[in-house]
Amino acid sequence: MTLSCAAGVGLSAIRSAMHEARTGLRVNDLPHCDLETWIGRVDGVEDIRLGTRFSGWNCRGNQLAMLGLEQDDFHTSVNGLKQRIAPERIACIIGTTTAGISNTEAAYRDLIDGEHFRDGYLRPRIHSPHVSSSFIAEVLGLGGPVITVSTACSSSAKVFANAARLINAGWIDAAIVGGVDSLCLSVLYGFHSLELISSKPCRPFDRNRDGLSLGEGAGFAILERQPEQSLGRLLGWGESSDAHHMASPHPDGTGACAAMQQALDTATLRPDQVSYINCHGTATPINDRIEAAAIKQVFPDPPPSASTKAFTGHTLGAAGITESIFSLLALQEQWLPASLNCDTPEADWADFILTDACQAPMEYVLNNSFGFGGSNSSLLFGRV
Amino acid sequence: MKIDVDIRGVGICAPGLADWNCLLDAFTGTELNVNQPLEMGSLLSIRDRRRAPVTVKLTFSAAQQACDMAGITPDKPIAIFSTAMGDMDISDYMCRILAHSPDQLSPTRFHNSVHNAASGYWSIGVGAKGDVTALCGGPDSATVGLIEALSRISDTEQPVLLVIYDGIATGPMHDLFPTVYPFCAAFLLSRPVAAPPLARLSAEPGRGPDSVPPMPASLIERIADNPAARVLPLLALIGGQTNRPVMLGAEQGPGILFRRREA
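Protein sequences appear in the order of chains S and V.
Everything in the first sequence is counted per our numbering, starting at 1 for the first residue and increasing by one.
Everything in the second sequence is counted per our numbering, starting at 385 for the first residue and increasing by one.
Keep in mind that a hint or two might mislead.
To be verified - Computed beta-carbon distance windows for the label pairs:
#: 1; chain 1: V; residue 1: P598; chain 2: S; residue 2: G170; range: 30 to 36 Å
#: 2; chain 1: V; residue 1: Q488; chain 2: S; residue 2: S248; range: 33 to 39 Å
#: 3; chain 1: S; residue 1: T268; chain 2: V; residue 2: Q542; range: 16 to 22 Å
#: 4; chain 1: S; residue 1: E228; chain 2: V; residue 2: E635; range: 44 to 50 Å
#: 5; chain 1: S; residue 1: E228; chain 2: V; residue 2: H558; range: 35 to 41 Å
#: 6; chain 1: S; residue 1: G170; chain 2: V; residue 2: D409; range: 47 to 53 Å
#: 7; chain 1: V; residue 1: Q542; chain 2: S; residue 2: T344; range: 32 to 38 Å
#: 8; chain 1: V; residue 1: S602; chain 2: S; residue 2: H116; range: 26 to 32 Å
#: 9; chain 1: S; residue 1: E20; chain 2: V; residue 2: H484; range: 51 to 57 Å
#: 10; chain 1: V; residue 1: A608; chain 2: S; residue 2: L122; range: 17 to 23 Å
#: 11; chain 1: V; residue 1: R575; chain 2: S; residue 2: Q83; range: 32 to 38 Å
To be verified - Below, simulated DSS-like cross-link-like pairs (lysine-lysine); rule was C-alpha separation at most 25 Å, straight line:
#: 12; chain 1: V; residue 1: K460; chain 2: V; residue 2: K513
#: 13; chain 1: S; residue 1: K82; chain 2: V; residue 2: K386
#: 14; chain 1: V; residue 1: K513; chain 2: S; residue 2: K296
Calculated from the structure, these hints are not laboratory results.
Fair warning: this is a prediction, and the values are worked out from it, not measured in the lab.
Backbone N, C-alpha and C fix where the C-beta goes; we use that ideal spot for every residue, glycine too.
Please construct the entire structure, taking both the sequences and the accompanying hints into account.
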């Protein structure tokens, strides 16, 4: 597995950030955007060259994907996998929300007669939501199903469930799962229009939290039944819908509860066996309160829990994979990362939120990802 | 790997193709009346029919038809929505406003811009609290949706609603995506059950180009026009217009080979 986001490019940088409680957020410096906010921008994405073979695929999302694929010997791991399993039996399942939209935004800033794209932008696939999965499958030389999951901020958590089902059904023997989302004006001004962006670094579960910080990230994992070397186990997953509102969670957290319960049920685990929850924890006033209440419904005595979004920013379509990898690293290191920036915790209803990182023995962790459209996903990971 | 699947209901929404019976007529040569406005079904309120995103207007009727034909209440099935380009009307609006006056962006149009807007409104509209997902496979979105639906059927006894759709591009994107006719097809699928299905098919991975069984030119034209309409040969197999195997291919990855089975 590998992860590149504002907290670090590659797992060793992420591990250091986790141990040093170091945020990757910075004052907004994205070109064409003058919003007063903090962002989790990955350094040097715009300088990544895709090479002549992939020059027709250039967009920020693919540059970030390329950077991500080059870390942690991921290519070597995939090549090793392809020695054991035919490429036709390996799927590529990627979650994204923004795909190549920053490129489409640029095309619209430079229209001919206000109605036509210039030549450089006349590449249909760059404007498609499928551009990330399609590109990654091409770079890695995979021949199995190539699938984009785009359910807002639950996208790259759901990819694990899609892959597990395809393996169980016999369509494939392994999958590259992951997520890529790059910063763009659509999401910055979009969340700004909803008044959900903080002007300061986000503070999940803090009494003074006032909105999210957006980020970008690319993370990937190899999922197979009998790996040569395992980095963690996917034990259960839950997927549900709020059936309530496009942009606000159900006030009773019913969808979130259903997803967490399903994850426990498919893993055949009791709530008290889970040692850590990586919360969705976007740091908006309402979402954090509803998630904390939902956790308390499913876990009568909640384990230490945290949102790692103040390390990375909210990476939207990449949030599922970003936080799955934080969860898997927590299991590997037996180290619980704290909810960074939670300086004045909500003692009344979020007393289980971890404000200081700590070493602790653990076997099972849960990762929550919730998105617009009322789409909820919870994943249960186990130690090797 | 080979799986039997029951088709328990289908729904269609496209200019000149208001429902399954219209499509059956079209297969036998009835001319398409493209000037008829699209059906929106009865699940949307009058207010929502006006203000809902175009993808909702395109998908709700077909999805409802498929559930009705199967006699299944629409909140029950797992729902999979698959589309190549999603809502290109909103993409055009957002990119234009971001280029000139980003502070004026409408919050409603922003949250409706997610790829899972149609599936989200479906979940809200019918009260579906199970999994409702949104996929994309670019030009292979129909194949990708069907592969996901088939893997669900292996995984659960629950029925699965699969909605495959694509609309038309607004503004500069029309140069790149010149689709003329929107198209939506919905399928209500399940494992074989005792009740007689509309059709029982076997499905297995395959590689190769799409099959195109004989059908009127007006329908062949739709297949080339809209990636979602690539399911028309599969619909012909379901409707008994052909008995030969139907291959639905993919540019990347496997396609699916469907055969008709005795129910």
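Verification of the hints:
The supplied range of 30 to 36 Å is met by P598(V) and G170(S), whose beta-carbon atoms lie about 33 Å from each other. The hinted window of 33 to 39 Å between Q488(V) and S248(S) is violated, with their beta carbons roughly 22 Å apart. Between T268(S) and Q542(V) the CB atoms are about 20 Å apart, so this pair conforms to the stated range of 16 to 22 Å. Distance hint check for E228(S) and E635(V): the Cβ-Cβ separation is about 31 Å, which falls outside the suggested range of 44 to 50 Å.
A hinted range of 35 to 41 Å for the beta carbons of E228(S) and H558(V) is inconsistent with their spacing of about 49 Å. The hinted range of 47 to 53 Å is not satisfied by G170(S) and D409(V), whose Cβ atoms lie roughly 39 Å apart. At about 45 Å, the beta-carbon gap between Q542(V) and T344(S) misses the expected band of 32 to 38 Å. Look at S602(V) against H116(S): about 30 Å separates their beta carbons, and that is inside 26 to 32 Å.
Here the CB-CB span from E20(S) to H484(V) is close to 43 Å, at odds with the stated 51 to 57 Å. The hinted window of 17 to 23 Å between A608(V) and L122(S) holds, with their beta carbons roughly 20 Å apart. Taking 32 to 38 Å as the suggested C-beta distance range, the pair R575(V) and Q83(S) conforms, at roughly 36 Å. Of the supplied pair hints, the one linking K460(V) and K513(V) holds, its CA atoms being roughly 8 Å apart against a limit of 25 Å.
Proximity of K82(S) to K386(V) is assessed by CA-CA distance (about 24 Å); at most 25 Å being required, the pair is judged to hold. Our distance criterion of 25 Å between C-alpha atoms is met by K513(V) and K296(S), whose separation comes to about 20 Å.
Of the numbered hints listed earlier, those contradicted by the structure are 2, 4, 5, 6, 7 and 9.
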